[in-house]
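Start from the sequences, fold in the hints, and give me the full structure.
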Amino acid sequence: PLINKNILPMLRALNSRSIRWGRTTNGISLRKTGIFDESLRADYVHVSIDAGSDETYQNLKRGKPGYFEIVMSNLSELVRLRHSKRSETKIIASLLIQKENVAEIPELSRRLKKMGVDLFQIKMQHMDGRRYMTPAEVTDAYRIIDETRSRDGDARYQVVAVQGLEEALRKVPQKRSGLIQIQRRNKPTTPINPFEQCFAGMLGIAGSVSAPGVVWACCQMGGGRTLGSFGDLEQGFKNVWTGAERAYAL
Numbered sequence: 001p002l003i004n005k006n007i008l009p010m011l012r013a014l015n016s017r018s019i020r021w022g023r024t025t026n027g028i029s030l031r032k033t034g035i036f037d038e039s040l041r042a043d044y045v046h047v048s049i050d051a052g053s054d055e056t057y058q059n060l061k062r063g064k065p066g067y068f069e070i071v072m073s074n075l076s077e078l079v080r081l082r083h084s085k086r087s088e089t090k091i092i093a094s095l096l097i098q099k100e101n102v103a104e105i106p107e108l109s110r111r112l113k114k115m116g117v118d119l120f121q122i123k124m125q126h127m128d129g130r131r132y133m134t135p136a137e138v139t140d141a142y143r144i145i146d147e148t149r150s151r152d153g154d155a156r157y158q159v160v161a162v163q164g165l166e167e168a169l170r171k172v173p174q175k176r177s178g179l180i181q182i183q184r185r186n187k188p189t190t191p192i193n194p195f196e197q198c199f200a201g202m203l204g205i206a207g208s209v210s211a212p213g214v215v216w217a218c219c220q221m222g223g224g225r226t227l228g229s230f231g232d233l234e235q236g237f238k239n240v241w242t243g244a245e246r247a248y249a250l
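For what it's worth, the working numbering labels the leading residue of the sequence shown as 1, then goes sequentially.
Among these hints, one or two may not hold up.
The list that follows gives simulated cross-link-like pairs (lysine-lysine, BS3-like), each with its CA atoms no further than 30 Å apart [said to hold, decoys possible]:
#  : residue 1 : residue 2
1  : Lys64     : Lys32
2  : Lys99     : Lys61
3  : Lys32     : Lys61
4  : Lys99     : Lys171
5  : Lys99     : Lys85
6  : Lys5      : Lys85
7  : Lys171    : Lys238
8  : Lys85     : Lys238
9  : Lys85     : Lys171
10 : Lys5      : Lys238
Cβ-Cβ distance ranges computed for the label pairs, FRET-style [unchecked claim]:
#  : residue 1 : residue 2 : range
11 : Asp43     : Gly153    : 21 to 29 Å
12 : Glu77     : Glu147    : 24 to 32 Å
13 : Asp43     : Tyr157    : 36 to 44 Å
14 : Pro106    : Asn15     : 31 to 39 Å
The set of hints was computed from the structure by calculation and includes no laboratory data. From the three backbone atoms N, C-alpha and C, an ideal C-beta is built for every residue, glycine too.
Laid out in structure tokens, this is it:
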């Protein structure tokens, strides 16, 4: 959202109307003029990192050399400004498990805790045949997560595995005839193995109302489903955002 040329007036409009909001970002453009100040009036800022080194960031996120440290620097500055402005915005960093980044989890957690992030959120990978993880690799990843949580977790900093090991193992796609069966968006005939509940909504990290007023269910529940359109914003965005339909979606 930060590349939108009108993002600053959008955020100011939300804040001036006392609409509760939060957002997910890759963190690259957080230093754009005015973004820090408006972001620190949000309920949360969720930075999707997905790597613990510049090399892995380039590999998984297609980032340019140096982008990983830019994201980490921006995240650190956001935490510093939150303290100086006495903001209550929750700052979350997340990682999507891939075999390329699992070994980097402990050191990334150390850095996040040291800079003052509130929550390190670790999620099971999407069904991506290009980055297939075996059950043994997933099990080892959860061992590393458990060790990291035990070492770093305290009252001020949490390490959270969004899905438990058992559900993560169920998410592992099955190989059939040498091919990995993966979920393809808007193709319900493709074999899928979705999560059993909407973790994004449960954690409050999903913006579940689109610009036209469509309330979306979690993308991880399969099939690209929505919960339908409720008035096409005729009742006003604030009413849709705070209404019963969105509450049900979450």
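30 Å Cα cutoff - pair lysine 32, lysine 61 = holds, 21 Å
key: Supplied distance hint 24 to 32 Å, evaluated on CB atoms of glutamate 77 and glutamate 147   = With Cβ atoms ~29 Å apart, the hint holds.
inquiry  = The hint says 31 to 39 Å between proline 106 and asparagine 15; measuring C-beta to C-beta, is that right?
reply    = holds, 37 Å
inquiry  = For a C-alpha distance cap of 30 Å, please report whether lysine 99 and lysine 171 respect it.
reply    = Distance of about 15 Å is within 30 Å: holds.
inquiry  = Tell me if the straight-line CA distance from lysine 85 to lysine 171 falls inside 30 Å.
reply    = violated, 42 Å
query = lysine 99 and lysine 61: Cα distance at most 30 Å?
reply = holds, 14 Å
inquiry  = Can you confirm whether the C-alpha distance between lysine 64 and lysine 32 stays at or below 30 Å?
reply    = holds, 18 Å
ask   = Regarding the pair lysine 5 and lysine 85, is the alpha-carbon distance no greater than 30 Å?
value = This hinted pair holds, its Cα atoms lying about 26 Å apart.
request  = Could you grab the alpha-carbon distance between lysine 171 and lysine 238 and see if it respects the 30 Å cut-off?
outcome  = Given pair lysine 171, lysine 238 is violated - Cα atoms ~36 Å apart, limit 30 Å.
inquiry  = For a C-alpha distance cap of 30 Å, please report whether lysine 85 and lysine 238 respect it.
reply    = holds, 27 Å
query = Holds or violated: lysine 5 with lysine 238, Cα cutoff 30 Å?
reply = holds, 22 Å
task = Return holds or violated for the Cβ distance of aspartate 43 and tyrosine 157 against the range 36 to 44 Å.
result = At roughly 19 Å between Cβ atoms, tyrosine 157 and aspartate 43 fall outside 36 to 44 Å, so the hint is violated.
Figure legend: structure checked against the earlier numbered hints; hints not met, in rising order: 5, 7, 9, 13.
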